[in-house]
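S.K.: Listed below are the residues making up each chain.
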Amino acid sequence: MLKHKNTIQVAAFTVFILACPFFLDAYWINVINNIGLYAVLALSLNFIVGYTGLFHMGHAAFFAVGAYATAILNTSYDIPIVLLLPVSGLAAAIFAYIVARPIIHLRGDYLLIVTIAIVEIVRIALVNDIFGLTGGSNGIFGISRPDFYFFDIRTPHQFFYYIWAFLALSVLLFYNLEKSRYVRALNYIKNDEVAAEGSGVNVDHLKLTAFVLGAFWAGMVGNIYASKMTLISPASFNFWESVILFVIVILGGSGSIRGVILGAFLIIGLPEIFRQFAGARMLIFGGAMVAMMVFRPQGFLPPLPRKYPVHKIQPGGEKTL
Amino acid sequence: MTLLSIKNLTKRFGGLLAVDDVSFNVEQGKIVGLIGPNGAGKTTVFNLITGNYIPDEGHILFDGRSLTGLKTHKIVSLGIARTFQTIRLFKNLTVLENVMAGCHCRMRSGILSSMLRLPFQRREERLALARALKELEFVGLKQHMDINAMNLSYGNQRLLEIARALASNPKIIILDEPAGGMNDYETNRLVLLIEKMQKRGLTVLLIEHDMNLVMRICEDIIVLEHGARIAQGKPEEITRDQRVIEAYLGIEEDEDEALEAEGRD
Ligand SMILES: Nc1ncnc2c1ncn2[C@@H]1O[C@H](COP(=O)(O)OP(=O)(O)OP(=O)(O)O)[C@@H](O)[C@H]1O
Ligand SMILES: [Mg+2]
Chain S
1 MLKHKNTIQV AAFTVFILAC PFFLDAYWIN VINNIGLYAV LALSLNFIVG YTGLFHMGHA
61 AFFAVGAYAT AILNTSYDIP IVLLLPVSGL AAAIFAYIVA RPIIHLRGDY LLIVTIAIVE
121 IVRIALVNDI FGLTGGSNGI FGISRPDFYF FDIRTPHQFF YYIWAFLALS VLLFYNLEKS
181 RYVRALNYIK NDEVAAEGSG VNVDHLKLTA FVLGAFWAGM VGNIYASKMT LISPASFNFW
241 ESVILFVIVI LGGSGSIRGV ILGAFLIIGL PEIFRQFAGA RMLIFGGAMV AMMVFRPQGF
301 LPPLPRKYPV HKIQPGGEKT L
Chain H
322 MTLLSIKNLT KRFGGLLAVD DVSFNVEQGK IVGLIGPNGA GKTTVFNLIT GNYIPDEGHI
382 LFDGRSLTGL KTHKIVSLGI ARTFQTIRLF KNLTVLENVM AGCHCRMRSG ILSSMLRLPF
442 QRREERLALA RALKELEFVG LKQHMDINAM NLSYGNQRLL EIARALASNP KIIILDEPAG
502 GMNDYETNRL VLLIEKMQKR GLTVLLIEHD MNLVMRICED IIVLEHGARI AQGKPEEITR
562 DQRVIEAYLG IEEDEDEALE AEGRD
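Residue numbers (the numbering used here), protein chains in the order written: chain S, 1 to 321; chain H, 322 to 586.
Treat the hints as calculated values from the structure; they're not laboratory data.
Predicted model only: the values in this text are computed from it and were never measured.
Watch out, some of these pointers could steer you wrong.
[Stated by the list, open to error] Sample of chain H residues at the chain S side, in silico, Cβ under 10 Å: (1) 412; (2) 436; (3) 438; (4) 450; (5) 520; (6) 556.
[Stated by the list, open to error] Footprint (simulated), chain H over chain S, 3 or more residues, beta carbon under 8 Å: (7) 40-54; (8) 72-80; (9) 170-183.
Glycine included, each C-beta is placed from N, C-alpha and C at the ideal position.
Next comes chain S alone, as it looks inside the complex (with noise of 0.2 Å):
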C-alpha cells in the first residue's frame, strides 16, 4: 500500500518533470535546471549533513574546486568538458579528503566552525588568484559547452535534458547506497558515535568517505554548472551557497532524497514564483523557515523507514553471516 503510494509519486513527479520543456519557455527552464543542479548539490551534501549528521556548512567549497578545476583545464589545456566531469569530481575528492582528514574527529560546533573557515579561504584563494590560476574576482571567463559526438548542448532546453539525466542517474544510484550497509553505518553514525564504533563500525573512515563522496558529486555539479555559465567567479561559491545548500537539506527532510529534491524546488523555486514581492521575500521565507523548524524539524519529507525482505528469509533454514 505504502509502495503503491510511493511509486504513483515518483511517477507522477516524472511526469511533471518530462513535460517541463513543453510548456515552459527559456527562462522558467533555466530556474528548473538550477533547481535540478542544488538538487544534486544538495543530495550531496545530504551524505555529510543528512544521512551522517554532521554540522558542515562549507560544501561551496568542494563545488568551486570542481568549478574551477573543469574552468582552468578547459581554458588553458582545451580539454573537451564532458572529459572533466569525472576529473573535478576527483579534484573535489582530493581535496575534502585533505582538509576533512585533520578535523574529522571534531565534533558538532567546533566541526562547524572549521568548515565555514574552509569555504572563506577557498574563497579567499580564488579572489586572490592563487598560483595565477583563478582569474581573481573576476574569475575565469570562456569556458566550453558539453560537447557529445552526437549533440551539443547549448541552450536551457538542451541543459535541461543533460541535468536531470544527471538528476537521475544520481538519485538511482544513491537509492541503492541508502539499501546497503554504507548508509545505514553512516545513519548509526549520526544516532549515536560511540555506539557506533562500538559495534565495529570505523566512524573516522565513515565520516571521512561520506566527506570524500559528497565531494565528488560537488565536484562534478561544479563542472556542469561551470559549463553552463561558461564563465565563473568567486561569487558563485561564498559561504551563504553553503548555508543555502544546508537549509535545502534540513528543511526539506535530512537524509531524505525525496525530501532534499522538495526542498531545492522550495528554496531555489519559490523565489522566482514570488518575485514580485521581492522586498518581503526574505522575510517571508525566514518566517517559513522559523516555523518549519519549530512544527516539522524533521522537515517536509522526512526519510522512510527501510524495507528489508523479511518474508524471503527462512527462520533457520538460511546460511548467515
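Dock chain H with the ligands against the given chain S, drawing on the hints supplied.
M.R.: Chain H with the ligands alone, transformed into the frame defined by chain S:
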C-alpha cells in the same frame, strides 16, 4: 585455554586512580563476573578492553594477540563485543537495523558495489539480514523488529543491545550491568539467555550488581575495590572471602542493618 588476559592494567583520570594494576584471565567458554562497589573501576576496565580508553600501563591480550593501540571497531572485528551500562541504542532506527549494526564489521561490500547493487552485495545483505533475524529470535525480540529502538521497554532495550553485540559474531561478549533496570521476570529470562550464549560456545564477561544473578551463573568472579583487584575465585570462595565481605558485601549488610534500625524507630 585463556581467551582474554589482562596484565597489570592501570588507568588514571587526573589524580584519580580508577584502575590500579589489575590482572586477571578469562578462560574460553566460561561465564565470568566482575563485581565491586560503585566507582570501583569496573566499567573503566571494560572501556580499556574495548579500546574506548587507552591504558596508562599494562596490556591486554586477546586470543594471543595484543590489543594495545587498536581502535574500538578493530577490537570488535577481532571478536570482542560489548553492551553499555547506560543503554546506547540507535534510538531512531528500527530494532532490526540496530541488530544489523553488529553485522557491519563482517561485511565487505563497498560504496561502488552497493551503488550498482552487484550480486555479491545483494547476497551479503541477505546473509546479514538472516543473521540479524536469527539474533533477534535468539533474544526473543523478533516480533518487535519493525518498531524504533526507543519504543522498546527498558528490559527489551538491554536485550536488543545484546542481540546487536551477538550479530558481530564475537568470541567473547562483555555485558555491563545487563540486569540493570530489569524486573525479576526479565532478570530470570536474562539468566537463561546468558546460559544459552555459553552453550553457543561464547565466553561471557559481565559486570553486575545483582549478587543473586552473579552467584547463580558466574563460574569465576573477580572483585574490584578502589580500582584494585581484591579477590578472584569461584562464587563460594568469594562469599567467604573476608576482604570481599568487608569491602563490598559487608558494607551492604551494614547499610541494610542501618536501614532496618531506622525502620524500627
Ligand atoms: N571518563 C572519565 N573521566 C574521569 N573520571 C572517570 C571517567 N570514567 C570513570 N571515572 C571515574 O573512575 C572511577 C571508576 O569509574 P567506573 O565507571 O569504572 O566505576 P564502576 O565500577 O563501573 O561503577 P558503577 O558500579 O557505579 O558503574 C569513578 O570514580 C569514576 O568517577
Ligand atoms: Mg560501571
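S.K.: Give a verdict on every hint.
M.R.: Right, here's what the structure says about each hint:
1. 412: holds, 6 Å
2. 436: Since chain S brings a Cβ to about 4 Å from residue 436 of chain H, closer than 10 Å, the hint holds.
3. 438: holds, 5 Å
4. 450: holds, 5 Å
5. 520: violated, 17 Å
6. 556: violated, 29 Å
7. 40-54: violated (count 0)
8. 72-80: violated (count 0)
9. 170-183: holds (count 8)
Figure legend: structure checked against the earlier numbered hints; hints not met, in rising order: 5, 6, 7, 8.
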